[in-house]
Amino acid sequence: MEVDRVDGRTPNQLRPLTCSRNVLNRAHGSARWSQGDTILLAAVYGPKAGTRKNGNPEKASIEVIWKPKTGQIGKEEKEYEMILERTLQSICLLTVNPNTTTSIILQVVNDDGAVSFLENYVMFKMAYLTKKVQLLPSAINAASAALVDAGIPLKHLAVAISCGLEESGSVLLDPTKLEEQKMKAFAYLVFPNSVASILPEASLQVEGELLEHGMITSVTHGVMSVDSYLHCLERGRSASAKMSDFLRRSLQSRVPNDLPKTG
Amino acid sequence: MRFFKKTTWAPSLRRLSGLRREEKQEDIMGLTDASGDLAGEMEVDAFRRLFPLRFYERHLLESIRPDARPLGKARDTTMALGAVASADGSALVKIGHTTMLAAIKMEVMTPASESPGEGCIAIDFHMPPICSPLIRPGRPAEAAPVLSKQLTDIILSSEMVDLKELCLIPGKAAWMAYLDIYCLDADGALFDAALLSAVAAFSHLCIPAVSVNDEGRVFAISEEQIEGKSLKEPLNKGKRKLTLSCTPLALTCILHKKYILADPTAEEESIMETLATVVLDMSGRLVSFYKPGGTFLAYTSAVQDCISLTRQRVKELQEILTEAIADLELD
Amino acid sequence: MAGKSSTYSLKKQHRLKKPLFKDLVDWVRPDTRGFHQCRPAFLRTGAVNAASGSAYVEFGSTKVIVSVFGPRESKKAMLYSDIGRLNCNVSYTTFATSIRGQGSDHKEYSSMLHKALEGAVMLESFPKTTVDVFALVLESGGSDLPVVISCASLALADAGIMMYDLVTSVSVSCLGKNLVLDPITEEESYQDGSLMITSMPSRNEVTQLTLTGEWSTPKIHEMARVITTTRWLRPYCDYIEDEGHLRSTCFKLHPELRPKNGRGKPRIAAISEVPFSSGEGGA
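Protein chains in written order, with UniProt numbering: chain A, 1 to 263; chain B, 1 to 331; chain C, 1 to 283.
Since the hints were made in silico from the structure, they are not lab data. Don't take every hint at face value.
[Said to hold, decoys possible] Facing chain A, from chain B, some residues (calculated, C-beta under 8 Å): (1) Pro133; (2) Leu134; (3) Thr243; (4) Ser245; (5) Gly293; (6) Thr295; (7) Tyr299; (8) Val303.
[What the hints assert, rightly or not] Under the rule of at most 20 Å between Cα atoms (straight-line distance), these lysine-lysine pairs were calculated in the PhoX-like manner: (9) Lys53(A) / Lys107(C); (10) Lys241(B) / Lys164(B); (11) Lys128(C) / Lys75(C); (12) Lys73(B) / Lys258(B); (13) Lys73(B) / Lys155(A); (14) Lys69(A) / Lys53(A); (15) Lys76(C) / Lys115(C); (16) Lys172(B) / Lys239(B); (17) Lys53(A) / Lys219(C).
The beta-carbon is built from N, C-alpha and C at its ideal position, and this holds for glycine as well.
Use the sequences and the hints to build the structure in full.
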């Protein structure tokens, strides 16, 4: 399983993570998330009165607005928005603030490299393979940190991870753009964070599996065997534990400073 | 069951049922006596509209769905190839009430300099206002661009069509296949139906015979001209059908508590929101496992169950597809 | 997508003996129909389950699907209205025509459809609300609008919207010396003038009459004779009568509209009058 990675990481090692909260003054909650060279800024506004069009007034609705680094939003960004919306909806306690809307704005600050929109249609396939895995997991992590910062009631956090599958069948976690080019398939997976609870462990289990082993979101690209996918799932799970530890630490460290922002 | 038709009566039913909520629940618990008159029917209907989730969970307990399907069974699927005469390849697919019309039109383009020997496929998914009461003209459905993105993704990444086969003259001319999929009736599992119709349209596709003139422009030649041999050989002789390898086919499932419901209707999708779409190709490889959020988490066992349900479904769909192609060749 | 601008659709080398129609009196129509004959038709209601009412109609290669939604809440911006509103929209698929189109809305047809149906629907039966009539032309093979109109009236009936009568429509093309009924695209492209008439057959009323192009007064007279003698106004109803269940669908919600006595005599007189007066106005 020893794979030499360009940046000297082991297959299971993630890129360096940083997470800072409360970076924007006017937003109700915000977070800056960086993972290697990928940097995203998330801002949360709300809850504001009224649901979105056709929304269920008995629940809170979540709205995600994606701002790419350059240019206008297209089909890809629409898809990101939809995936993010559905993912965040599933971690929020929607019944606490019924008939309100919470907006999350995600600004891409840097997306690990220079690939922006390729006009060339033939390159289209390559372009989104590389873009997607880079941005979406980071965006989900950024958004869930920003939701915590805004004090939106959550069930748990969403921890997102990307897995790349090499031609040989081995799995690399959190691949960089350079590595992605050589991969045949990707899966990016979102799990709940691991729960630190005083309750006995058995009560946290759902049908013999830990809550944190359940998958919230899965999006894949490229063809792979079913076994490889299950393998990705397993590796992603174990990595998500590390990631959720990191999130917990970086979110807790700010708690003493969390004084009311506005008078 | 024309569910939406009753929408207009909702307010009056709501008022009515507010008074007699308790009775109603008992009714649905199987205590309805055999009187079975119209009033009784209305009560069940009202319960369905007022407490849709409980209505469904009550059914799920009995391992049955309101439309009398077992949980893992997909709806009846039919397919008609060559539904649109003005297109080069087309197919009409119905899964239950969900209807999709896919058509391919071939146009000629100059290939990109990066890949001079390859053609192109442009996929667009449309949800015209006729397909659902939620869509109004002028305001396109939110789901449409996301679905066309997903379809593009699946069809290109599965490498079902070899883009090299779409080349006419390397570096000079190649085919651009415009695949447009129209949803004519939206009743759940849109992605499955759209992908099936796209695959069917590709298997029906017959590339027009073409020749090239002195200016390097490609033009179509008719069948008589080919037989009459009045002109030079058609440029793409013997290359008018695409060889499709590893056709991807999909199944959408609802995850609800410990239940897995295959091929949901629009009503089911609106009530139980956790969806997972599995795409497998003919050789059983996983092309996509798509689960965008949702209240219920997918544990390994559920993931495996979804995949095995999809395996069965892909076999069924493959048979339907082969049958449709065989029927076409008979004609 | 990128690259769209650089693609072009194939041009067929036209080897057709072009305006064969023009001056000859006894040419054969491309589909070997008689001049005063409609294309074979297929009609079916209940094509879209998600809609309140819907119909699918095929006239030769013209294929149209219409969904009706409502009566439902009007848009918030709409002012109070004593009578209901009818909202019509016609759009084409990108593959409907021989050259790939944009699949956008057809504004002109949308408003013509509205005008054709307006007179037949009892708008006062659904005050404050809107009935939406959405049409999608799956394949265009000529005479699109008349087919859309007839299909829309079937869909309205299927939705149980109160109407005075079904609305049927047909167009006539003037090609040189001849008048051809229900023209196909090819004939339409060579026509000198065209006429579209929309009527409520059981009530002997015309809801819309459109005359375009070059028509001489004798031609209009001849046209009037053609449409009164060939019983073209009744293709749909004839069909429906043949298919008992369809007729019952049409009238199940307003049995008072069921024509009581034998149809025929007074209608011919009435129709021959209406096109005359309107036709002269247009000519």
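Hints, one by one, checked against the model:
1. Pro133: Nearest chain A Cβ about 11 Å off; hint violated.
2. Leu134: Hint holds; Leu134(B) Cβ to chain A Cβ min 7 Å, cut 8 Å.
3. Thr243: With Cβ-Cβ at 17 Å, over 8 Å, it is violated.
4. Ser245: Ser245(B) check fails; min Cβ-Cβ to chain A is 11 Å, beyond 8 Å.
5. Gly293: 3 Å, holds
6. Thr295: 6 Å, holds
7. Tyr299: 5 Å, holds
8. Val303: 7 Å, holds
9. Lys53(A) / Lys107(C): 26 Å, violated
10. Lys241(B) / Lys164(B): It holds: about 13 Å lies between the C-alpha atoms, which stays within 20 Å.
11. Lys128(C) / Lys75(C): Holds - the C-alpha atoms of Lys75(C) and Lys128(C) are around 10 Å apart, at most 20 Å.
12. Lys73(B) / Lys258(B): 16 Å, holds
13. Lys73(B) / Lys155(A): Not satisfied, since the Cα-Cα distance of roughly 33 Å exceeds 20 Å.
14. Lys69(A) / Lys53(A): Violated: Lys69(A) and Lys53(A) sit about 28 Å apart, past 20 Å.
15. Lys76(C) / Lys115(C): 23 Å, violated
16. Lys172(B) / Lys239(B): 17 Å, holds
17. Lys53(A) / Lys219(C): Given pair Lys53(A), Lys219(C) is violated - Cα atoms ~55 Å apart, limit 20 Å.
Checked against the numbered hints given earlier, the structure breaks hints 1, 3, 4, 9, 13, 14, 15, 17 and satisfies all the rest.
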